[in-house]
Amino acid sequence: MVAGPQSDRPHTALNVAPSDCAIAAGPTTQSVFGQGWKAFLSATYQDAGGTGAYTVNQTFGVFPDTDTAGTAFQRLTDGLSTCPSATVANQSGRSSKWAYTARPAAENALVWAAAQEGAAGWACVHQARVKGATLVQVAVCQEGDGTSTASKITDELAGKVTG
Amino acid sequence: MTAPARMAAARRRRTLPRVVHLVLVALLAPIVAIGAQTIAATAAVAVTAQAGTLAPVPLVAPRGFEAALATLLVEVEDANRQAAQLAQQEKDVVAEAERITKESAAIRDSKAALNARVAAMNQEISSHNEHAKAVDDEIAAHNARQHTFQMPAEAREAAAFNDEARQLEARRNQENAVEDKIQGEESQIRQEASQVDARSSQLDAASKANDSKASDLKTKKQQLQSRGQQLLAQMAQAIQSFASVPSNPAAAMDQGGDAPAPPPQTGNRLAGQDQDTGDSPYRRPRTAALTQYAKQHDTTVDTRPGTAYLTPDAVRRLSPAQAATLGSPAVTYDGLARKPNGHYTALRLQAPTAAAVPAPEVFASGGLVAYRNGEQLPIDGITTIQEAAASSESPPSADPQAGDERPDPEDCRRAGKGWVDYGKRDSANGNRATQMNACLDQDYLDTHEGSSVQQDPRPPGYNWARNYSRYLGNGDPRYWINNCHLLANRLSGSGTDLDNLATCSRAANAAPGTPKDPGMTPHMEDLEREVFNAITKEDQVVRYTVTPHYAGNRTVPYEFVITARGVYRDGTRGIDKESVLIENKIWSSKNSQWYNLGRVFDDRMKPVSPVPTGPTD
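Top line first, the protein sequences correspond to chains W and C. Residue numbers for the first sequence follow the numbering used here, beginning at 1 and rising by one. Residue numbers for the second sequence follow the numbering used here, beginning at 1001 and rising by one.
There is no bait here: all hints are sound.
A few chain W positions that, by computed beta-carbon distances, are all more than 10 Å from chain C:
#1 G36
#2 T68
#3 L110
If you anchor each label on the Cβ, the simulated ranges turn out as follows:
#4 W/A120 to C/T1572: 40 to 46 Å
#5 W/V2 to C/F1601: 16 to 22 Å
#6 C/K1516 to W/Q74: 40 to 46 Å
Computed footprint of chain C on chain W; a stretch qualifies when at least three of its residues, placed anywhere within it, have a C-beta under 8 Å from a C-beta of chain C:
#7 1-7
#8 16-27
#9 39-46
#10 113-126
#11 129-143
For the record, the hints were derived by calculation from the structure and aren't laboratory data. All C-beta atoms, glycine included, are put in the ideal place defined by N, C-alpha and C.
With the hints as extra help, turn the sequences into a complete structure.
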């Protein structure tokens, strides 16, 4: 994997249909993190060949307190529960349709998958955890099941969060 | 005394021959008509069978594009549904035509049987008429004789006369009975002939209706073929528009969303396709065949399998019949052989034990492109080559050399001497360098000294690349942009001959010149060192090629393909580097990501366009 783009603030909500799927389609956007964060970092990595076969994103959002972080986490949980599928248009005008499947939620942890329709097994597996005042998210996009990879990365990242 | 009564003549069937004749005429006429129907029915079968061979094969939407091409997909499905319906209707028409043909034959048999019966009856009538006439003659003779007798004197004669009358009457009655029987048979034949005529008329109507259906079906098929061709062209257009603009899944994730599946590209196949794109032992028989092809044709072969697509124009140039043989504008290949004109020949491998499955003929005439990271690679044709004897189906072996069907290494020297050939520079595209071919040994290196690059000349695109590097937030461009030898200085390559020079990133060329540059592994210098060591430390003779690949008419390559095949003095295989790809990528200190110098779209330019091209510097 090689390092890709990084962002130090969440992007604005995505162009999604239906619009109430903005959270499921853009879990690291302002739709989830809002404006009340204290620090934010999103780092994306891709396969060395640059083919797009593997893409990984790691996002930290640090909030002023645990309540605000919990609110963001709850917003994410609620957003996923109300959106089975959505069509997302990117900046170049391409659109893709995704189906979202949330796994049973644990306290302070969430796992879900976004499967791209018509893309033969292509899916992004997401994990979100709230630890103290920090909301950590990891997404692994690849053909096939990236669950174990996402879990390992999330464990690693969450382990580095203190407080 | 009462005289015996005069006898009436026996009835004769004088009219029967005419009646029979009329029956024959009535029977023969429909037979001629049925014959015509048979031909019509056969024609219907022929028409539908011929149309069947032109029926569009099911269309297959290209993988990975389904989501974006939802509307097109609906149309494709609709066209396929119509094709299935037409195929069913075609079966029905053929079945009906076959039924008509069978029925027609049955009617013809019935009429032949009837005619046979008529002929037999005519013989019977002739016989009856002869007998009846004989009886009539005898009755007339009997009646003409004296029939007044004096009794009792002529009692004996009277009795004899009456006996004769009774006998004649009996014979007359017998003939009349025969006539009654003939009348009955005649009536029966007329009735059956009438039924056959009715069946014949029905069949005629059914045949005409079926022919009409066949004709209608043919028209619909032609319309469907035309629509299928339009859809193929739309697919090709969609593929071109999507694949020619590289998707950026990392950017999509950075924006906060999910990274979509990459589009189908050369060397990057999606689910269900061959994922084995590396040069594993499993692939060696395949690689060997491709390598052998490269050697035989003195070219380089990109051994990564992929998919090639007909361009929209190529689809439009197809005849409807040709288009109907295609389910998709895509065809897979196992490797791409580079041609002197910068285009490619797609290579398809055929396993030794497999039956030949040629690509549809329409693909062989060109009009194909493959896409790699948004770049179009023009393909002039498709060639099928035999895979090496050890089948690619063989499982991987624990012995890395097992199943290695590569050709034995050969001493490439000419008359015992090493050599270097530079490809002719591409004057149509900014005089960019095209290829370096060499056969190197110790003696050659000892007698041919290389040279380092100079301030002048610089390869095309060099100044643009330095400028672009600054734009990417990098510092002094000397540490980021290089003037790359194709044949390295230490391998006797010239640093001033533009045939041997191309603009490259430092990362592609060698180890980083600044800590800010993360660098790449391997880079060109890694391979050059290995080749140098093979020659100078191991006394190998090395066949060595370096080929820059360009995107379209750009003058800065997007990758270098390096092949080095060495042989020791004892003939055993030495260094073995097959089609190693070095991407011409540069790190952006500003954006913390890689950019390919041969592919970037310089967004400082309005409109945004691939740069540099042509004679730009």
